[in-house]
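Engineer: Chain by chain, the residues:
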Amino acid sequence: MILVFVETGPGGATEVSLETVTFARGLGGPVHAVVVGELPDGVAEQLGAYGVAALHVATGEAVAAYGGAAWAAAVEQVRTAAGADVVTAAGTPRGMEVLAHLATRLGVAMAANAVGVESDPGAAGSLLVTRQVVGGAVLEQMRLDDRPAVFTVAGHAVEAQPAVAVEAATVHEHVPEVADADLVARVVSSEPGEPDRSGALTSARVVVGAGRGAGSAAGFDGVMELAELLGGALGVSRVVTSLGWRPHHEQVGQTGSRISPEVYIPCGISGAIQHWAGCASSKTILAINTDEDAPMVTKATYAVIGDMHEVVPAISAEIRRRRGG
Amino acid sequence: MTNVLVCVKRVPDVGGEVLLTADGQGVDARFVGFTTSAHESCAVELAVRVADGDEVAVLTLGRAEAVEQLRSALGVGCTAAVLVEADPAGFGPADVAREIASVVSAHAAAGRSHDLVLLGNDAADSGDFQVGIRLAYELGRPVVNGAKTVEVTDGVVIARVDGPDGGVETYRVPLPAVVTVLEGGVEPRYPTITGRMKAKKTKVEVLAAQRAPDGTGRVRLLLPPAQPSTVEVLGTGPDAAPAVVDLLQSLGVAR
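These protein sequence lines map, in sequence, to chains Z and F. Under our numbering, the letters of the first sequence match residues 251 to 575, in that order. Under our numbering, the letters of the second sequence match residues 31 to 285, in that order.
Derived from the structure by calculation, the hints contain no laboratory data. Careful, some of the hints might be misleading.
To be verified - In silico contact screen, one side only, chain Z against chain F (beta carbon under 8 angstroms); selected entries: (1) R344; (2) G385; (3) P442; (4) V456; (5) L480.
Just so you know, these numbers come straight off a predicted model, no measurement behind them. Note that the Cβ used here is the ideal one computed from N, Cα and C, for glycine as well.
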């Protein structure tokens with residue numbers, strides 16, 4: 251049986267958690283889910299629709315605030331009670347952290363960012379995990395001999411798909427016992443993010459990107475205007491934040507946000523693999539670049555060859571003209 | 031004053047196309063060179079700030095060439111360096127954590143206690159996301175994961191982490207502790223001339239690995255299948271604007 255650590259937000263289970271449930275279903279066998287902390291309304295029905303047979307909810311004072319060790323202790327107690335021999339989570343910061351704690355406590359390996367899992371034809375009982383390394387530019391085949399098997403699933407490795415045969419998930423409450431040592435490192439206070447921080451970037455339908463081609467800190471007016479006209483967000487490459495032109499929370503890439511908008515419009519971005527790691531899941535990519543051989547152009551769906559400082563204002567002007575303004 | 035140990039990894043400096051070695055066991059870095067993982071460059075910066083004049087040791091597990099990454103860290107303010115000399119390809123995250131823990135214990139026994147150990151959240155090449163957490167369990171210390179900023183006041187580490195909803199979460203953890211660092215909270219400084227001179231003169235403590243590694247489970251590396259370019263060029267220069275807006279309208283993102 252597979253146990254999925256599911257993260258929730260205001261809209262219920264997060265999209266990447268639903269992807270992970272979909273991924274787990276593909277491995278065969280029953281899928282259970284565990285939510286630690288407060289359970290938003292409707293999550294049991296939502297997870298049932300994605301094929302989760304049982305939802306375990308771990309609550310209580312010990313896990314009310316987030317802490318990697320305490321939450322891993324909760325997941326471990328649920329795992330034992332439910333009898334799961336595979337535990338997985340989305341490859342988010344919390345998914346990685348909770349499962350790394352869990353794997354360490356169990357004395358087993360953890361495979362991070364899996365995109366495929368199968369039985370190892372060469373070793374009975376072992377799993378062969380294909381996972382992303384080097385920021386997604388390289389795949390590693392890794393043998394996972396240990397049971398329970400612990401791995402995280404890379405974001406957008408699969409699309410979240412509801413199950414065909416649907417039953418509401420049964421709900422089981424747990425109040426885990428957590429040792430004092432596991433309560434030392436946990437969140438003691440949190441401040442809400444500014445509305446324009448990375449949350450807006452990862453949920454935007456349109457992202458206008460800008461890289462070295464912006465030229466200077468003053469070179470972003472055009473892309474910001476276009477982003478605003480399209481009701482989208484601005485995303486930048488690592489060089490832009492390294493040079494201090496724009497803040498880090500706008501960074502798209504391996505060490506920034508991973509985006510999957512309807513349309514991504516990278517302007518003056520060559521497309522280094524670290525950037526590609528963050529934007530590869532965009533549905534349509536329209537690259538604007540002076541170099542027709544830049545990786546971002548060759549990998550894009552559409553391209554305009556030209557200087558972003560000329561092309562982008564022309565697009566904005568055309569949008570305004572059609573709106574009659 | 032806080033004695034800090036910061037752990038770094040020498041990784042291939044890949045930017046464009048990635049090549050694999052003939053045996054499929056590693057990234058061929060002959061044409062790209064090596065660097066320090068981005069998260070760890072920020073960890074070094076935070077370590078130097080936190081130590082505030084006290085010892086900041088930098089450690090790596092790698093071949094003799096990895097001294098280059100130790101010297102870079104020494105050049106920006108680290109005061110001591112440790113090389114656990116081994117072929118890093120054979121060392122999985124649990125192995126690396128054990129080796130770091132044995133250096134920390136040996137130093138403590140010799141009167142150098144590293145109150146705070148900083149590492150990158152994950153290595154840019156192997157992407158394991160777990161060495162810091164495994165190290166914390168080896169040492170019996172609390173761990174904060176993915177910190178953007180780290181301060182120490184009165185023996186308490188204050189670490190700030192980006193929360194899942196775009197907010198900022200604060201941890202307060204008593205020393206001794208382990209913290210893993212995410213890029214983006216601080217700007218790594220550049221080495222000064224005097225820093226470079228000092229880095230050259232600092233003696234690197236070279237140790238052998240304490241035990242044979244259990245390994246990584248790696249079967250082999252693969253490159254994702256190359257996608258032939260299917261790009262449709264809409265035009266050149268500002269004249270392409272009407273075609274672009276036609277496209278954006280057909281995709282339903284412009285009106």
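Engineer: Hint by hint, which ones does this structure get wrong, listed from lowest number up?
Structural biologist: none
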